[in-house]
Amino acid sequence: MMISKELKAIYFISLKDIKSYYFKPPNISWGIIFPMAMALAFYLRNPTKMIDLIPGLLGMTILFGSTSMEAVVITFERRLGSFERLLLAPVSLAGVLMGKIIGGAFFGFIVACAVLIASLFVFSFPNFDLIRLVPSLVLSSMAFSALGGFISVAVKEVFEAQTLANLFRFPMIFLSGVFIPIETLPLPVRVISYLLPLTYSAESLRNSLLIPRNIVPYWVSIFVLAAFSLALYWMSVKVLKKRLG
Amino acid sequence: MENKSALTVEGLTKYYNSFLAVDHIHFQVRRGEIFGFLGPNGAGKTTTIRMLCGLITPSDGKANIMGFDIQKETVEVKRRIGVVPEISNLYEELTSFENLVFMGQLYGVPKSHLGKRAEELIQLIRLEGKKDALFSALSKGMKRNLTIAAALVHDPPLIFLDEPTSGLDVVNSRNLRTMIRQFNQRGTTIFLTTHNIEEANLLCHRIAVIVKGKIIAVDTPEALKKSVQEKSMVELGMENPNLPDLLDSIKAFDGVDTVSRRQGRFVIGFKGGPPWGSFLQYLQERGVSVTSVNTLQPTLEDAFVKITGLDREIMMMEKEGKKG
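The listed protein sequences correspond, in order, to chains X and V. Going by this note's numbering, 86 is the number at position 86 of the first sequence; the sequence numbering is gapless. This note's numbering runs 245 ahead of the 1-based position in the second sequence.
Calculated from the structure, these hints are not laboratory results. Some clues are possibly wrong.
[Said to hold, decoys possible] If you anchor each label on the Cβ, the simulated ranges turn out as follows: (1) Lys307(V) / Lys242(X): 20 to 30 angstroms; (2) Ser29(X) / Arg422(V): 44 to 54 angstroms; (3) Leu379(V) / Ala114(X): 25 to 35 angstroms; (4) Arg243(X) / Thr540(V): 49 to 59 angstroms.
[Stated by the list, open to error] Calculated lysine-lysine pairs in the DSBU-like style (CA-CA distance at most 35 angstroms, straight line): (5) Lys19(X) / Lys375(V); (6) Lys24(X) / Lys375(V); (7) Lys24(X) / Lys361(V); (8) Lys307(V) / Lys388(V); (9) Lys238(X) / Lys49(X); (10) Lys238(X) / Lys307(V); (11) Lys388(V) / Lys242(X); (12) Lys496(V) / Lys156(X); (13) Lys249(V) / Lys516(V); (14) Lys8(X) / Lys376(V); (15) Lys241(X) / Lys457(V); (16) Lys457(V) / Lys5(X); (17) Lys375(V) / Lys156(X); (18) Lys356(V) / Lys8(X); (19) Lys249(V) / Lys8(X); (20) Lys24(X) / Lys551(V); (21) Lys242(X) / Lys24(X); (22) Lys241(X) / Lys307(V); (23) Lys5(X) / Lys361(V); (24) Lys375(V) / Lys356(V); (25) Lys388(V) / Lys241(X); (26) Lys375(V) / Lys5(X); (27) Lys388(V) / Lys156(X); (28) Lys307(V) / Lys242(X); (29) Lys8(X) / Lys375(V); (30) Lys551(V) / Lys516(V); (31) Lys238(X) / Lys459(V).
We put the beta carbon where it would ideally sit given N, CA and C, even for glycine.
Could you build the full structure based on these sequences and the hints that come with them?
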């Protein structure tokens, strides 16, 4: 009974965020246009290798889609005081944060699906593994949204959240094998690559789309993405609890 | 046996690092009463309310609401309380109706009743014309009323109101006080924090006075006033108040403790009950003709000043009260 009430509250928190924040034109454009612009820049440089970029591009779309709003939404609501309404409701703090993170993850997932469908038509993939693709997309969305949630609770001001989000996102684009293969990076940089969730998102998606350029086995990537999701979520709950006193 | 207490607080304490914000407070709120939590700014009122609502963790002590421990059964406590924070903090991007529905969803109000309940509350706060207006577009008074309605959406037996009339104009404040009395008449227990002494006097059945994190008195407004009444105060109107040396003559009467002039009248404090017969004769002998006699009762503000010794802070509170 209690669990069912908690789950319902989580669902309504996510639904409210999705309606109020995520499916608004500025957020959609930031979630889609930025990864597209980056992809176009690389395409113009080397059109023949575009198909290899698709998994990384998808991972990046989820990263930007999930974090662009998620990284500021809690900070924003805390500034306005409306976040306190959620804390006053009969939902645990972990439940409130889960609702917030699911909202961001859902948006990241939907935007990635849109980009994927467009890519399937444009590049006509010969084959892909749907059973592997869905967990890849879901766990990538959860990991990146949890990252956004963590950023959101770790800072006080909205501009700090945006700065911190970019501090995580931009290095990831270049160090996670999205555009530059990890195996070509110098060893110290490669160590950093293996610490970034986008590496595992791109690897799992490459595996799902049957692109033969893998350095991490599929199940390892899936496990690491799940671990990132849980660790970032757990850290967000801890940090927020501490901040609230 | 039915538990008559809506809220029991035992030794509740809150430290912010080394700063002691709330210092081992004890009190009880009975079911069905309006309980005032009165104190100057920074006394620990909001910290106490935030601990009771589960927003912050107490450093020490315990409390239970409707029989549920605030720390061990926080979610059960939250189901049974409605909270109106000092700032009207609903969602700016949602309409009045959507805000109430969203709050109802969070509190698990069944879908079949939710729309009707939201409509009822909108009628109660007389906001029918603004049902579909965004929260951001409402006036300050309307926002306040909608925030109160949001706290009532799940029909809680206990409501916390933190400085409810703060920043409202006279008309909105009066309407809000009427609304609070109506909720109470329907059986809802009200916990009201305020720095407005008159508001506490008008609304509350009992009052706890908190200063610097400590509760220094808990009683009815009448009992608090009586507790500081050490002498009988009377105000006399006279036909000829400007007779020479009149003030000194009154002061010289045996039994008179203090005398002061207030706009042509004399405010006299007697040690014990006034000996009317001999006192009026004494005045008559000196050519004084008394035209009116008023017995003065101490106000809650007098009681507050006496209990807390915070005369200067009272002045600050009055200024704050006049802002709205």
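For the pair supplied as a hint, Lys496(V) and Lys156(X), is the alpha-carbon distance within the 35 angstroms limit? violated, 63 angstroms
35 angstroms Cα cutoff - pair Lys238(X), Lys459(V): holds, 31 angstroms
Hinted pair Lys307(V) and Lys388(V), Cα distance within 35 angstroms: holds, 33 angstroms
Against the 35 angstroms threshold, does the CA-CA distance of Lys19(X) and Lys375(V) hold or violate the hint? holds, 21 angstroms
Between the alpha carbons of Lys24(X) and Lys551(V), is the straight-line distance 35 angstroms or under? Roughly 58 angstroms separates the two Cα atoms, so the pair is violated.
Does Lys24(X) pair with Lys361(V) here, judged by a C-alpha cut-off of 35 angstroms? holds, 29 angstroms
Sort out whether Lys516(V) lies within 35 angstroms of Lys551(V), counting only the CA atoms. holds, 18 angstroms
Compare the distance between the alpha carbons of Lys24(X) and Lys375(V) with 35 angstroms, and conclude whether the hinted pair is satisfied. It holds: about 24 angstroms lies between the C-alpha atoms, which stays within 35 angstroms.
Are the Cα atoms of Lys375(V) and Lys156(X) separated by 35 angstroms or less? holds, 33 angstroms
Run the distance test for Lys249(V) versus Lys8(X): straight-line Cα separation, threshold 35 angstroms. holds, 33 angstroms
If you draw a straight line from the CA of Lys241(X) to the CA of Lys307(V), is it 35 angstroms or shorter? Holds, because 19 angstroms separates the two Cα atoms, which is no more than 35 angstroms.
Between Lys375(V) and Lys5(X), is the straight-line Cα distance small enough, at 35 angstroms or below? Distance ~30 angstroms between Lys375(V) and Lys5(X) Cα, so the pair holds.
Of the numbered hints stated above, those contradicted by the structure are hints 9, 12, 13, 16, 20, listed in ascending order.
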